[in-house]
Amino acid sequence: MRLYLQDLIRLDQRVRFLLAGGFASGVSWASRFLFNTVMPFALAVATATALGMVIGFLIYRSFVFPGSSRSLAAQLGGFLLVNLIGGLVTVAVAIVARDGLLMPLGLTEIAAPAAHAIGIMAGAVANYIGHKTVTFRTA
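Residue 1 is where the sequence shown starts when you use this note's numbering, and the numbers rise one by one after that.
Please note that a few of the clues may not be correct.
[As the list claims (entries may be wrong)] Label pairs and their computed distance ranges (CB to CB):
| # | residue 1 | residue 2 | range |
| --- | --- | --- | --- |
| 1 | 73 | 117 | 31 to 37 angstroms |
| 2 | 138 | 38 | 38 to 44 angstroms |
| 3 | 105 | 54 | 32 to 38 angstroms |
| 4 | 69 | 110 | 41 to 47 angstroms |
Keep in mind the hints are simulated off the structure, nothing from the lab. Please read these numbers as outputs of a predicted model, since none were measured by experiment. Beta carbons are placed, not taken as given, at the ideal position from N, Cα and C, and that holds for glycine.
Whole structure, please, built from the sequences with the hints as guidance.
Have a look at this one:
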């Protein structure tokens, strides 16, 4: 069975949100490995989060919430605010998970990628709540 873009657009908005957010989060998580080769962990997580935010906005606006009546400027402002908070949650949770949970447990080999994934999950919850109530709400 082939899945086409028009089939994806017909999916429930919550499913589209999860797919779009999952894709943007996957890009964020994977790009952290590249960024981590040239910068410290916290900065790599923050940079990867910013890349994921840009991709997320473009996909959410066109694929998840195409009918929002808010102006582009209002959507962008809300998106930046929500993602700033979500990004801070992501970085803080990742650092706490790595340094306060995984490293003390001796899981040094997987501490950074696992901590980043945990941070992304926490940030995703914050973002869902914010985008639903702030960024793409109807005016």
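Taking the hints in turn, this is what the structure says about them:
no.	hint	in the structure
1	73 x 117: 31 to 37 angstroms	holds, 33 angstroms
2	138 x 38: 38 to 44 angstroms	holds, 42 angstroms
3	105 x 54: 32 to 38 angstroms	holds, 34 angstroms
4	69 x 110: 41 to 47 angstroms	holds, 45 angstroms
Checked against the numbered hints above, the structure breaks none of them.
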